[in-house]
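Asker: If you read the sequences in order, they're chains A and B. My numbering applies: residue 1 is where the first sequence begins, and numbers increase by one. My numbering applies: residue 254 is where the second sequence begins, and numbers increase by one.
Simulated from the structure, these hints should not be mistaken for lab results. Treat the hints with care, since some could be wrong.
[Stated by the list, open to error] Dumping the calculated BS3-like pairs for lysine-lysine here, alpha-carbon to alpha-carbon at most 30 angstroms:
| id | chain 1 | residue 1 | chain 2 | residue 2 |
| --- | --- | --- | --- | --- |
| 1 | A | K158 | A | K57 |
| 2 | B | K291 | A | K158 |
| 3 | A | K105 | B | K291 |
| 4 | A | K228 | A | K18 |
| 5 | A | K185 | A | K73 |
| 6 | A | K73 | B | K264 |
| 7 | A | K18 | B | K264 |
[Claimed, not checked] Restraint ranges, calculated between C-beta atoms of paired labels, are given here:
| id | chain 1 | residue 1 | chain 2 | residue 2 | range |
| --- | --- | --- | --- | --- | --- |
| 8 | A | A112 | B | G274 | 36 to 44 angstroms |
| 9 | A | G127 | B | R295 | 27 to 35 angstroms |
| 10 | A | H67 | B | V306 | 43 to 51 angstroms |
C-beta: ideal position from N, C-alpha, C; glycine also.
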Amino acid sequence: MIQISNLTKGFGDRQILKGVSLNIEEGSVVSIIGGSGSGKSTFSKCLIRLWEPDGGKIVVDELDITHIADEFKLAAVRRNFGYLFQEGALFDSSSVAENVTFGLKYLTDIPASEYRRIATEKLALVGLQNVEDMRPSELSGGMRKRVALARAIAAEPKYIIYDEPTSGLDPIMSDIINDLVLDMKSKIGVTSIVITHDMKSAYKISDTIVMLYEGQFIMAGSPDEFRKTANPYVRQFVDGSSRGPIKMKLRDF
Amino acid sequence: MTGKLVNLLGKKVITASAGLGSVVQMVMSSVFWLFHAKIEWRQTFIQCMRIGVNSLPVTILTSCFTGMVLALQTGSTMKSIFNEPLFVGSIVSFALVKELSPVLTAYVIAGRAGAAITAEIGTMEVTDQIDALYTLGTNPIRFLVIPRYIASIIMIPLLTVFASFCGVLGGFLVAVLKLDVANETFYSDIFTYMRVTDFMHGFIKSFLFAFMIATVSCYMGLTTRGGAEGVGKSTTRAVVVSMVMILVIDYFASAALIAIGI
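Isolated chain A (complex conformation):
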């Protein structure tokens, strides 16, 4: 279980997270929704200490990880997490198989002779075959996302963070990714934290949806509660309307 309380993070004068609190139950899928620049990715990066939070507390499986300074202890905490980056963050100079098994050397004691088999197995789990020797640059956007997902689950983490898993994908590929998220839950039993602004995806995969607006969680609830909410901010966002209390900051050209 992950408990986040009063988490704050800013860059210079800009306060991105203004004291957010959230409990993530084991085996659940929690989607964090919000507009572009609302701090969703900042939240997810603070969660595994890729970025240092300014304040608050993060407890993972009863261990307070907020102030761990020792690199080895921090690496041990991160071992529990798989992270699917927005653009995949695959290593261009390595093959698909090398990408998928990259973390095994550092995160597990599995012998290198097993890596190829594991790569094939994890790639099959995300619906990819015969791509082991290809380079990431030879893959389509959807395939890259799936390879990145295979890499995130290769070391069989307890938690997976998906940062915008469906952004930039066509609707069919988005739904395939949604099914993969649900598969990860049912087949491996992982806890998923999904950062998204794709409401169709959030409704389909989530046990709980949380909305981040101006650095604070303004609503947490089930997909049904989000569908029926009268909160004007949430309503505007889930309906995808330009009219409402949320004013987007447009750049002047």
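Once you've looked at the hints, dock chain B against the given chain A.
Answerer: Below, chain B alone, put in the same frame as chain A:
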């Protein structure tokens, strides 16, 4: 007006100090991980190939032509003063071994391999690949920086030695074929005056250049921000800083080495 100037100056000093602090932190972190984790030998080998082997042709060309032009200029000047191309071997070999080979090799590596290091790490930074390293159980110092340090510190001094040899060979060809210097005269010009410490003078400096190029290139890569434009800016900055630092280090290192008799 004065207040604004002081303010601006203060900001620049603070930024420079913070940058210097970050560089020191990166170096300290590299030393820590060098002794606390397994060295990435595969990555180190790849970097040795990129920094050393792939830079060999341009290093040969640069040093060979430098030696040739140095012999030509020395010989023709000596001829106009003394009517004989005197000390061509000594001047060419001393200039190359102590000064030109280390500096020119460092320049070639800074422009070629240093820029590539910054561009590669910078691209990894802006595409989340550096963060990915943390989530996969390692970190950029261990996986990227240390192999580049080791490869630079092994390959740049080796290239420098090679450059010295090629430069002297180029000078020899011009001296013998164009200036009509006898083979034996060229050899004796070199071996009568040159000592091992003269060779060590250039060799030691090449280690300092290697360390500096790896530090600047990796640091500029890791601190890249702002997409493709940021990568371009970091790469340019890395090359410019490296080239200026090569000359600064060259003077102070030469002064220190001369002071201790090397």
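Asker: Now, for every hint given, state plainly whether the structure supports it.
Answerer: Now for the hints, and whether the structure bears them out:
Taking the CA atoms of K158/A and K57/A, the gap is near 20 angstroms; set against the 30 angstroms cutoff, the hint holds. Distance hint between K291/B and K158/A is fulfilled; the C-alpha atoms sit about 26 angstroms from each other, no more than 30 angstroms. For a cut-off of 30 angstroms, the pair hint linking K105/A to K291/B stands: about 11 angstroms separates their Cα positions. The hinted pair formed by K228/A and K18/A meets the criterion: a straight-line CA distance of about 27 angstroms does not exceed 30 angstroms.
Restraint check for K185/A and K73/A: satisfied, since their Cα atoms lie roughly 27 angstroms apart, inside the 30 angstroms limit. Simply put, K73/A and K264/B have alpha-carbon atoms about 36 angstroms apart, too far for the 30 angstroms limit, and the pair is violated. At roughly 28 angstroms between alpha-carbon atoms, K18/A and K264/B fall within 30 angstroms of each other, so this suggested pair holds. Taking the beta carbon of each, A112/A and G274/B are about 39 angstroms apart, inside 36 to 44 angstroms as hinted.
For the pair G127/A and R295/B, the supplied restraint of 27 to 35 angstroms holds, since their beta-carbon distance comes to about 30 angstroms. For H67/A paired with V306/B, a C-beta distance near 46 angstroms keeps the hint of 43 to 51 angstroms intact.
Hint 6 from the list above is the single one not met by this structure.
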